[in-house]
Amino acid sequence: MNTIDTGYGIWNSIVWTLLFLGILSIGFWIRSLGRKDYKAGTGQTKVFLSGNEEPDPKGLHVRGDHLYWGMIAGFSGYYERIRRWHTGILSDYAAWFIGILSIIFIILGLIR
Amino acid sequence: MNPLSFHAPVLLIAIPLLGAFAVPLIGRLGAHLRRIFTGLIALLTTACAGLVAATVFSAGTPITYVLGGRLTLPSGMNFPIRIILEVDGMSTFMVILTALILVTAVFYSFSYWRRRSGGTMYDSLLFLLGAGIFGMELTGDMFNFFVFLEITSIAACGLIGFRVWQGRSQEAAFKTMALYTLSGLFVLLAIGLLYGKYDGLNIAYLAAHIGSGLVDRIALGLLLVALAMKAGVVPMHMWAPDAYGEAPAPISAVLVANSQASLYGLFRVLFTLYGLAISVTTLGWIMIVLALLTIFIGVTMALIQSDIKRLIAYGAVSQIGYMLLGVGVGLATSAGQPDYGLVAMQGGIFHMINDAACVGLLFLAAGVIIRAAGTRNLNMMGGLAHDMRWTAMFFMIGALALAGIPPFNGFASKLMIYESTFRYSPILAVIAILGSILLLAVFLKVFQAAFLGPRTISPIERPSRLMLASMGVLALVVIAFGLFPGFFVHTIVGPAAKALWLGRDAYIGAVMGG
Numbered sequence: 001m002n003t004i005d006t007g008y009g010i011w012n013s014i015v016w017t018l019l020f021l022g023i024l025s026i027g028f029w030i031r032s033l034g035r036k037d038y039k040a041g042t043g044q045t046k047v048f049l050s051g052n053e054e055p056d057p058k059g060l061h062v063r064g065d066h067l068y069w070g071m072i073a074g075f076s077g078y079y080e081r082i083r084r085w086h087t088g089i090l091s092d093y094a095a096w097f098i099g100i101l102s103i104i105f106i107i108l109g110l111i112r
Numbered sequence: 001m002n003p004l005s006f007h008a009p010v011l012l013i014a015i016p017l018l019g020a021f022a023v024p025l026i027g028r029l030g031a032h033l034r035r036i037f038t039g040l041i042a043l044l045t046t047a048c049a050g051l052v053a054a055t056v057f058s059a060g061t062p063i064t065y066v067l068g069g070r071l072t073l074p075s076g077m078n079f080p081i082r083i084i085l086e087v088d089g090m091s092t093f094m095v096i097l098t099a100l101i102l103v104t105a106v107f108y109s110f111s112y113w114r115r116r117s118g119g120t121m122y123d124s125l126l127f128l129l130g131a132g133i134f135g136m137e138l139t140g141d142m143f144n145f146f147v148f149l150e151i152t153s154i155a156a157c158g159l160i161g162f163r164v165w166q167g168r169s170q171e172a173a174f175k176t177m178a179l180y181t182l183s184g185l186f187v188l189l190a191i192g193l194l195y196g197k198y199d200g201l202n203i204a205y206l207a208a209h210i211g212s213g214l215v216d217r218i219a220l221g222l223l224l225v226a227l228a229m230k231a232g233v234v235p236m237h238m239w240a241p242d243a244y245g246e247a248p249a250p251i252s253a254v255l256v257a258n259s260q261a262s263l264y265g266l267f268r269v270l271f272t273l274y275g276l277a278i279s280v281t282t283l284g285w286i287m288i289v290l291a292l293l294t295i296f297i298g299v300t301m302a303l304i305q306s307d308i309k310r311l312i313a314y315g316a317v318s319q320i321g322y323m324l325l326g327v328g329v330g331l332a333t334s335a336g337q338p339d340y341g342l343v344a345m346q347g348g349i350f351h352m353i354n355d356a357a358c359v360g361l362l363f364l365a366a367g368v369i370i371r372a373a374g375t376r377n378l379n380m381m382g383g384l385a386h387d388m389r390w391t392a393m394f395f396m397i398g399a400l401a402l403a404g405i406p407p408f409n410g411f412a413s414k415l416m417i418y419e420s421t422f423r424y425s426p427i428l429a430v431i432a433i434l435g436s437i438l439l440l441a442v443f444l445k446v447f448q449a450a451f452l453g454p455r456t457i458s459p460i461e462r463p464s465r466l467m468l469a470s471m472g473v474l475a476l477v478v479i480a481f482g483l484f485p486g487f488f489v490h491t492i493v494g495p496a497a498k499a500l501w502l503g504r505d506a507y508i509g510a511v512m513g514g
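Chains as they are written, first to last, in our numbering: chain A, 1 to 112; chain B, 1 to 514.
Bear in mind the hints are in silico, worked out from the structure with no lab data behind them.
Keep in mind that a hint or two might mislead.
[Stated by the list, open to error] Computed beta-carbon distance windows for the label pairs: (1) B:427 with A:69: 26 to 32 Å; (2) B:116 with A:110: 50 to 56 Å; (3) A:38 with B:454: 21 to 27 Å; (4) B:121 with A:19: 49 to 55 Å.
Backbone N, C-alpha and C define an ideal beta-carbon position, used for all residues, glycine too.
So that you can see chain A by itself, here it is in the shape it has in the complex (with noise of 0.2 Å):
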């Protein structure tokens, strides 16, 4: 009922629960061992950067854009082309269409 074959192997989804499951335990298990005799509220709870004041966090949320910045200006040559190709243009889309269905033609035209 939950094992499959997957080509190669098997997988069974019980199995990979439970142990999930055994595993998230031991963490919270271990984090239960840690200190209890801090003083909420105080700064010992406080997040320390390097001794500046903590902004205010509405100015810190990362917006979906931002996040990922760094890799696509990494791959801004692939995305400047392929941008290129979404133009929007309706009949830009029906030019993929007919350039698609000459390609599959003179494919089919080649084989036996």
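Since the structure of chain A is provided, determine the placement of chain B on it from the hints.
Just chain B, lined up with the frame of chain A:
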């Protein structure tokens, strides 16, 4: 067979069709009564889908239903001219998928569209779209396939542009309509060519006689490209982000099922209609190359989107690639039929229903997010999880499942695809896994941007219980299919894969006899 089971295939088309035409009349009696009627039609349709599934799976062979009078099937009929519905394991699998998405979309729409005008036309078009999709999946006739394809095109475009006060919706509907029309014309041309050569339109009849001549090849090329375009295969996918992005959220979910019906049509043409008539290795590799392009370009385009619905739409496009990859490897190996070829087929087909549930869930959650934030721009969102915990949880389940994280359903089907395609060619599995990693990064971006961080906006509109329940149903499906993949592969995916891979003779025999 009892009469209800016997007539279930045609009822599955007739009930939503009746709903589509009766809703405007019922709507005149009041919105409350219309909603009760709409819910009833959706539940009846789902019950019919269950009945079709029970009938086909218990029969073990394709069942046929002849309209316009009883003919002696399968034997004694040499030239089938009547309208025939032919339902095998693959059709049944698609019917289950469509019913699941349709019923959740209908109930979600109750709340989603409650305060908007035009609810009657909305429900009417939604059922028309459902009837068209079921028709495509059940018909055993090429011309009727075209008719149902056109019904889905008209209804889908009506729904994409339904918000007439938004210029972008109109533009998306126009672009989609133009490309759907182009695709429909090529399908019709292909059917005309086959009719001219073989004097028949029945799929089983055509399959029994199909050859590998010039006309057959032209028809195959036209059908392959037209159906691939309607399924959103790269590089013919460009209408999909426009359409999915601009349609109302529950309609975007149904559009995914609509695209998968076109994918089903493509698989039916390649496996059942043509079979081994034209080099399956070449056709399989055409699908594999298109699949890799679809995975990679779909997911990399998703990464740079800041509009949440367009981002999910590109994610949905990339998932079409996984289905094509699994089934493409199955097609390429269908002559030799190694054991991993069948697993690849099962993985690709299993991913269809998994994708429909995950992407459907993500689109429904996106509808809630957009209503709450008052924007589709991820850069303007943040901290929504503080006020919308259930939506955040449902979105996370859908996103993790789609990215192929265990123990959700997407992992099970993707693992089948990775490992079976690895045995065919390791590089295919490498690209597929890379696509999944990138997709996880994509949804990490959405979750972080919309739900995490300090509370920067307070929700304008919160989801109703019905909207949460609709998302909950899809989330349960995602979890159940992930925790018990063996059960679902054995009961619904296995028969579907076998019907395509090994069931061509049975499909032909159910109509032609012998």
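For each hint, the structure was consulted:
no.: 1; hint: B:427 with A:69: 26 to 32 Å; verdict: holds (30 Å)
no.: 2; hint: B:116 with A:110: 50 to 56 Å; verdict: holds (53 Å)
no.: 3; hint: A:38 with B:454: 21 to 27 Å; verdict: holds (23 Å)
no.: 4; hint: B:121 with A:19: 49 to 55 Å; verdict: holds (52 Å)
When held up to the earlier numbered hints, the structure conflicts with none and fits them all.
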